[in-house]
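**Student:** Fit chain B to the given chain A structure using the hints.
Top to bottom, those sequences are chains A and B. Under my numbering, the residue at position 13 of the first sequence is numbered 52, and the numbers go up by one with no gaps. Under my numbering, the residue at position 280 of the second sequence is numbered 319, and the numbers go up by one with no gaps.
In case anyone wonders, no lab produced these hints; they're calculated from the structure. Hints may contain errors.
As the list claims (entries may be wrong) - Some residues of chain A that are not near chain B, with every Cβ distance over 12 Å (derived):
| # | residue |
| --- | --- |
| 1 | T140 |
| 2 | R296 |
| 3 | W365 |
What the hints assert, rightly or not - Under 7 Å between C-beta atoms, here's a sample of chain B residues computed to sit facing chain A:
| # | residue |
| --- | --- |
| 4 | S57 |
| 5 | M104 |
| 6 | P105 |
| 7 | I106 |
| 8 | I128 |
| 9 | L129 |
| 10 | H133 |
| 11 | V135 |
| 12 | M137 |
| 13 | A141 |
| 14 | F301 |
| 15 | G302 |
| 16 | L320 |
| 17 | D346 |
To be verified - Sample of chain A residues with no beta-carbon within 12 Å of chain B, all distances over it, derived:
| # | residue |
| --- | --- |
| 18 | E241 |
| 19 | D263 |
| 20 | E361 |
Please read these numbers as outputs of a predicted model, since none were measured by experiment. Beta carbons are placed, not taken as given, at the ideal position from N, Cα and C, and that holds for glycine.
There are 2 protein chains.
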Amino acid sequence: MNLKELSQMLGLSQTTISRALNGYPEVSEETRRRVMEAAKETGYRPNRAAQRLATGKAGSIGLIMPISPDHSSDMHFAEFQSGLAEAAILHDFHFVIMPSTAEDEAQAIRWLVASGSVDGYYLAYVREKDPRIAMAKSLSLPFIVHGRSSGLDLDYPFLDVDNEGAFYDATRFLLQLGHERIALLNGQADLDFAHRRRLGAERALAEKSLLLDPRHTRHSFMGDEQGYRGMKEILAGPDRPTAVLCASTVLALGAVRAMNEFGLKLGTDISLIAHDDELPLLKPENFSIPLTTTRSSLRAAGKRIGDRLIAMINQSDPAPPEQELWKVELVVRASTGRAPA
Amino acid sequence: MNLKELSQMLGLSQTTISRALNGYPEVSEETRRRVMEAAKETGYRPNRAAQRLATGKAGSIGLIMPISPDHSSDMHFAEFQSGLAEAAILHDFHFVIMPSTAEDEAQAIRWLVASGSVDGYYLAYVREKDPRIAMAKSLSLPFIVHGRSSGLDLDYPFLDVDNEGAFYDATRFLLQLGHERIALLNGQADLDFAHRRRLGAERALAEKSLLLDPRHTRHSFMGDEQGYRGMKEILAGPDRPTAVLCASTVLALGAVRAMNEFGLKLGTDISLIAHDDELPLLKPENFSIPLTTTRSSLRAAGKRIGDRLIAMINQSDPAPPEQELWKVELVVRASTGRAPA
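Pulled out of the complex, with its shape left as it was, chain A reads as follows (with noise of 0.2 Å):
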């Protein structure tokens, strides 16, 4: 039952319906009634998120919108953004949503806590050392981190997924599989996640007394461009790597058409494992050889941020842990190979 077949049963306009279910004084006594109980007979839910906006009582949560220098749409923001969908329709959440840029976005947080319109929020996008995480502290609303701050004395609630752990196990396999040689494309340098990344492969290779090569490692956004770019300077310059690690399977995408251009075969000639936030658009099974990867699903983050934010803002018992660090999982496909003789 909808609102349009509600409205078709009573014989009542659609605007009559919404206002009688939502108090508002217009409607008379005896209408309201009529629509109370038809709406309870027929199992008529109306968006509660809406009802709460429109009575004031709304649920929400703020959020940035990063606005990069060369305005590149995010894709896995996007895929973040869908899973903290998930929770707040569950929980009759909305968004406020502030567009910033990333050196106004500090600001943007405090006016976001000051202007009342949200009940939380949360930081992405988290650096080294991160100044706003002590600001968030020292302001009066549940907050959530997504990803963690290296460098930082501090306690906070936050949601990471174990990406030194990722990159040191995905490092080790190919260690074992006899590469010595390997190249990361990684996210922007400055992001914590894309450090932490690169730990973890520094720290595999250091057991074998090896070095990350820096004229085989690049950071950037991690779009197909960047990834295209990145690979075929690699492969043109000095001693090729057998193997790369791609800090995402979009950046995979554009790495394996570099590699297709210098006739190496995947798996074969040159090995590539890359980390898969599971973005629908971009399977790792759908490659033409399937990639290996380290896999931990974005979307499911945002949920369980959003899960999490939700139950601090009303204070549920029993309350949610306050830091959690999930594994990740090393899924091998066909993209990886014994390192060429």
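**Tutor:** Same frame as chain A, now just chain B:
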């Protein structure tokens, strides 16, 4: 000059500076004067959207975030939203976003309007004879429609691209190359843009006394997997087409994979034209064989809709035009060639 630098220069905390600039009472008049002068001298410009939010003078755009039954995040939605954010940042607006399933959408809008938390909104994912348009006209807030609704005899502000013309041109181009069996991988059948693209293809075919073959037509969510599956079924079936029209480069990504599996060389054995929304992740020139496309930037549409809606809200003079139809460009690349003999 950012807030941090201003704070260091004045020897005042960032909080104090924000409060001074926003007129909070905790700050002494002398401090406020110092801050205001320094801000003026250094050209410091705080995030005005945030300021307006804090002072209750927020400009805000309401939008519904569609939650599809399979909870797929939609890159097309994300890209449009980025364009809208460009407009919002320029004019100091923020977003209030309500996640909603398709069936709750009309109600979500009604309540968004009733809540007083938005100054205007836009409608997207328009269907044939879409009842939301008459509803929006009956409400008191500025709105604009992205797309149009076939079969509605109403005047309303919209921005649309010439979807019918685009697919008419694309189909005619394929016919000129000698193709007669042309497949169509389209968007969801109930969406108006998909309906119009289909009409365009049918019109061009009819001029040659040809029909669209239902066995070679698919309507689906525009994802990579849907493109792959649809193309695979069609290639495995009878009367294999020699060309295919795709409603998105995302569908094309999957379609090309299916062609590769069948050992078909794109541009020689089979031709393909995709609609290109200029998604930065999936540039048609970056496919191994660059794609011929009908091109229209979804981000530019988002920006334009944001600009127009904000002008309507601010009652700018001159008023923006009511209705706009953008022409779509046919860009010929290597994925189209003469029909095989």
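**Student:** Against this structure, judge whether each hint is valid.
**Tutor:** Evaluation of the provided hints:
1. T140: Per Cβ check, A:T140 is inside 12 Å of chain B; nearest 8 Å; violated.
2. R296: Label violated. Min Cβ-Cβ 7 Å, cutoff 12 Å.
3. W365: 19 Å, holds
4. S57: 6 Å, holds
5. M104: For B:M104, the interface hint holds, since the closest Cβ of chain A sits about 6 Å away, which is under 7 Å.
6. P105: 9 Å, violated
7. I106: 6 Å, holds
8. I128: 5 Å, holds
9. L129: 10 Å, violated
10. H133: 5 Å, holds
11. V135: 6 Å, holds
12. M137: With a minimum Cβ separation of about 5 Å from chain A (threshold 7 Å), the hint on B:M137 holds.
13. A141: It is violated, given that the least Cβ distance between B:A141 and chain A is near 10 Å, above 7 Å.
14. F301: Because about 13 Å separates B:F301 from the closest Cβ in chain A, which is outside the 7 Å limit, the hint is violated.
15. G302: 12 Å, violated
16. L320: 5 Å, holds
17. D346: 14 Å, violated
18. E241: Its Cβ never comes within 12 Å of chain B, the nearest being 29 Å, so this holds.
19. D263: Since the minimum Cβ distance to chain B is about 5 Å, A:D263 lies within 12 Å and the statement is violated.
20. E361: 25 Å, holds
Of the numbered hints stated above, those contradicted by the structure are hints 1, 2, 6, 9, 13, 14, 15, 17, 19, listed in ascending order.
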